[in-house]
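Asks: Please put together the full structure from these sequences, using the hints given.
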Amino acid sequence: MLNYIDGPCGSGKTYAIANFIAQNKHKARFIIAQPKNANLLETEKLLKSNGLNPYVKDIDHCNEGEVVRDIIAYINSNNHEFDDVLLVTHTGILTAYSRISEDQKKKYVLFFDEVTNVTGELPLRVTAQRKMLSDNISLKDPTQKFTEVVAKNTTALNNYAKTAEGKDAVNDIFGKVSEMILDEDTVVEVESEAYKNTKRDGFHFYYHIKPDKFTSWREVYFMSACFCESLIYKIWSKHYGFSFVKKDITLRYKSHTNVSNTKIHFFMDRDYSKRLGHSDDYAIHNQMVDIINKDILKGQSSLTVLNNSINTDVDGVPVREVERNIRIPDNTTVISSYVHGLNQYQNLHNISFLASLNMRPTYESYLQNRFNLKPKEVEEAFLFASTYQAVCRISIRNPADNSERHICVPDSRSALYLEKMLPHVTLESHENKMQLPEAKESGRPALGDKAMTQAERNEQKKERKRIIKECEEWEDIKKSYAEIIDKKETTKVVAKLDFEDADELIKYFEKESQFTSNDKHTVNRLLWPAVVDTDPMGEGGTRFGKNNVIASCFLMLDKDEGHLQHDMTADDFRMLFPDTKMAIYQTYSGAGNYRVVIPLTQPITGEAFEILCRSIAMKCFNAGYRDKANSLPFDRSKFNCASKFYLPNHAPGTEMDFRKYDGKIFDPIKALNQAYVDPAIKAQPMTPEQRREAQKKLQDTLSAHGQGQQQFIQEKLDGFGALSDGMGRHGKFFGLGVTLANHGFDEAGIRGALAAVPYQGLTQRDKDRKIKSIIKSLRGKGLI
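The sequence shown runs contiguously to residue 784 in the numbering used here.
There's no promise every hint is true.
Unchecked claim - Derived lysine-lysine pairs resembling DSSO-like cross-links, with alpha carbons at most 30 Å apart: (1) LYS213 / LYS176; (2) LYS25 / LYS45; (3) LYS374 / LYS25; (4) LYS628 / LYS420; (5) LYS664 / LYS479; (6) LYS374 / LYS511; (7) LYS25 / LYS106; (8) LYS213 / LYS246.
Unchecked claim - The following label-pair restraints were derived from C-beta to C-beta distances: (9) SER134 / ASN286: 44 to 52 Å; (10) ASN458 / ALA151: 55 to 63 Å; (11) ASN286 / THR516: 31 to 39 Å; (12) THR257 / GLY590: 43 to 51 Å; (13) LYS511 / GLU472: 27 to 35 Å; (14) THR654 / GLU475: 36 to 44 Å; (15) LEU122 / ASN153: 17 to 25 Å; (16) SER134 / PRO423: 51 to 59 Å.
What the hints contain is simulated information worked out from the structure, not anything from laboratory work. Remember, predicted model here, so these are calculated numbers, not experimental data. All C-beta atoms in this analysis are idealised placements derived from N, C-alpha and C, irrespective of residue type, glycine included.
Replies: Structure, rendered in structure tokens:
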């Protein structure tokens with residue numbers, strides 16, 4: 001039986017196991033496998049304090065080269081007392097496994113303290129030695145992208161496996177590979193095309209251990225923080241359909257409750273990489289360190305984790321590249337990125353994790369393609385797990401210590417993961433202090449298309465400039481507008497909505513999330529996130545279409561059924577846009593389907609709406625998320641600026657999953673500067689002149705309503721006069737001018753009304769300047 005024990009870092013899993021063994025020593029024999037020799041020595045002391053008799057089998061306790069032999073001899077022996085416990089490294093027990101008798105395995109309970117490695121890659125450079133491969137191994141199914149390697153000559157492979165290391169680089173690698181090929185519980189694979197390409201001087205072997213390797217033991221326990229995010233869990237449960245049994249055990253704590261005074265700092269929204277951090281003579285790395293020294297830690301003692309290439313002498317890693325201008329935080333202790341078992345730093349409150357642990361692209365591709373893993377799942381198993389482990393070396397391990405702490409990580413993805421693991425922390429971005437290189441253009445004409453030519457890049461710049469110029473006609477309008485459309489006809493506007501700011505917009509959706517109905521298509525709940533002209537009745541004159549859009553006021557996206565292995569949850573989407581103000585609500589059908597509402601800093605053209613929706617969907621696609629057709633994860637038909645979206649609605653007696661996230665309001669102009677303008681997508685039909693004409697018609701329609709208008713306007717004027725400083729009066733003063741224009745006031749009327757409105761704290765001269773600026777802007781937009 002394979003079991004797992006999951007608990008936060010520092011919660012005392014190893015202590016709990018020592019107590020468990022002491023209480024159950026008469027029922028079975030026990031082995032504890034740990035990552036490093038240093039872990040074994042700590043556990044040896046712990047077991048002795050529990051009255052047990054530990055036997056440590058590692059390079060410090062056995063003769064050189066005899067560790068595996070001693071492990072096998074110990075396990076196969078029957079001369080053990082109840083108090084005896086075997087302590088070995090992960091590598092030791094996995095290497096000895098095949099030479100331990102099945103009968104003896106059934107007597108032992110095996111504890112893996114921390115997750116063991118069950119997969120990896122071995123790069124092999126071969127030239128003249130290719131015949132060595134073709135003579136001894138073959139490919140099981142060369143038609144597959146990745147295929148298993150099988151033995152052709154077992155005698156030769158046995159000889160390679162027994163060859164002592166250090167004599168030949170190729171033999172060293174092929175000797176390890178040979179041993180794994182001969183192990184029936186290990187699968188060795190290659191990328192078929194790379195292996196068959198004889199012109200290449202190298203390729204990679206990939207391997208993974210099957211769960212069968214562990215089923216012979218009496219019981220196996222894996223102890224780890226976040227075990228369900230590990231590769232061993234994901235590969236064995238997803239690919240092999242293997243079930244693990246969660247075991248509860250008494251721990252010091254089940255979650256971190258001592259982090260309310262902890263702040264997590266990050267330096268960029270984009271994903272950090274070794275190439276980015278080390279480029280331009282380590283400029284990005286040094287910028288982060290300078291901000292840490294000057295603005296965050298200010299000389300406080302801390303821990304620091306670096307990549308080995310810029311590490312100091314840690315765990316035997318030699319000092320490298322010391323002649324370069326590589327800075328580290330002041331008053332810091334540099335530790336290895338592999339930190340399991342380091343408990344001596346609990347007196348420190350600060351840590352900077354500045355390593356980039358992104359795996360090699362070849363290995364990442366293997367994991368994603370072979371086991372249908374999402375990029376985020378691979379990140380969780382490597383980068384995120386290491387970051388969390390390192391952070392938990394400091395005083396977070398002590399549940400009684402709620403000191404002020406500062407945790408520094410390079411990017412928002414790591415910060416958001418830590419926020420999930422350490423509830424009640426606060427996040428702070430320092431990107432505005434960084435000088436980052438320009439991000440690569442997002443979006444391509446098609447998935448996997450070739451790079452653009454210079455002429456295509458020039459055309460892109462020209463188109464972006466045109467689109468941004470047209471959007472900037474609306475830059476002074478801070479309100480968001482929307483229309484409610486009659487569901488039966490879809491040619492009738494039944495309500496016009498306007499929202500003073502992004503918060504009011506999201507509150508509206510939150511209020512509507514309480515609506516229940518037995519009909520998911522309830523009438524008069526179809527929302528159009530735009531200012532529309534109701535005169536030209538759209539495409540063909542029958543229904544509202546693109547021609548009706550005067551301006552789009554906020555973005556909406558519709559996520560339907562996703563790809564089985566690459567579905568995108570609401571949490572996944574938020575991780576991609578961690579600093580953006582937004583709301584997400586499930587659709588009537590539920591089951592992971594949802595809609596996203598993203599307020600904008602200003603209205604935009606319908607063309608820009610479509611470009612930005614595609615750009616956001618492409619970012620999600622590039623992060624590994626797909627719809628059920630293996631394409632963009634959002635409904636592409638809803639990228640059309642004429643799209644309408646049902647307001648939140650759920651059946652009576654059910655719960656509505658509504659989420660609102662605070663953050664920066666999405667700046668469409670900034671996003672358009674990086675977006676891809678697809679020439680295959682038809683542009684917004686309305687010209688700027690047509691939009692201004694339509695806006696004028698809209699004013700006439702509004703002004704013709706007549707009834708109650710004067711009372712409505714007076715309420716607006718009185719409401720503004722009651723505002724005080726700090727309530728966004730500047731933007732609302734302009735919005736008041738737009739409201740007057742929309743309700744038929746001419747230029748003289750708007751000037752008079754604004755001049756009469758009380759504006760405390762503003763000189764008459766400054767007020768006149770504001771009114772002049774408002775009138776100029778309203779003229780430019782064709783509102784007066």
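Asks: If a hint holds in the structure, say so; if it doesn't, say that too.
Replies: Here is what the structure says about each hint:
A hinted pair counts as satisfied when its Cα atoms are at most 30 Å apart, and LYS213 with LYS176 qualifies at roughly 18 Å. Of the pairs offered as hints, the one joining LYS25 and LYS45 holds, with about 17 Å between alpha carbons and a cut-off of 30 Å not exceeded. Of the supplied pair hints, the one linking LYS374 and LYS25 is violated, its CA atoms being roughly 42 Å apart against a limit of 30 Å. As the CA atoms of LYS628 and LYS420 are separated by approximately 28 Å, the hinted pair is consistent with the 30 Å bound.
With a CA separation close to 16 Å, the supplied pair LYS664 and LYS479 stays within the 30 Å bound. The straight-line distance between the Cα atoms of LYS374 and LYS511 is roughly 35 Å, outside the 30 Å bound, and the hint therefore fails. Among the hinted pairs, LYS25 with LYS106 is consistent with the structure: their alpha-carbon atoms are about 15 Å apart, no more than 30 Å. Taking the CA atoms of LYS213 and LYS246, the gap is about 19 Å. The hint holds against a cut of 30 Å.
The hinted window of 44 to 52 Å between SER134 and ASN286 holds, with their beta carbons roughly 49 Å apart. At about 57 Å, the beta-carbon gap between ASN458 and ALA151 stays in the expected band of 55 to 63 Å. Between ASN286 and THR516 the CB atoms are about 56 Å apart, so this pair departs from the stated range of 31 to 39 Å. Hint check: THR257 to GLY590, Cβ distance near 33 Å, so the stated range 43 to 51 Å is violated.
Between LYS511 and GLU472 the beta carbon distance is about 32 Å. The supplied range of 27 to 35 Å therefore holds. Between THR654 and GLU475 the CB atoms are about 42 Å apart, so this pair conforms to the stated range of 36 to 44 Å. Range check, LEU122 to ASN153: about 19 Å between beta-carbon atoms, so the 17 to 25 Å window is met. The supplied range of 51 to 59 Å is met by SER134 and PRO423, whose beta-carbon atoms lie about 56 Å from each other.
Checked against the numbered hints listed earlier, the structure breaks hints 3, 6, 11, 12; every other hint is satisfied.
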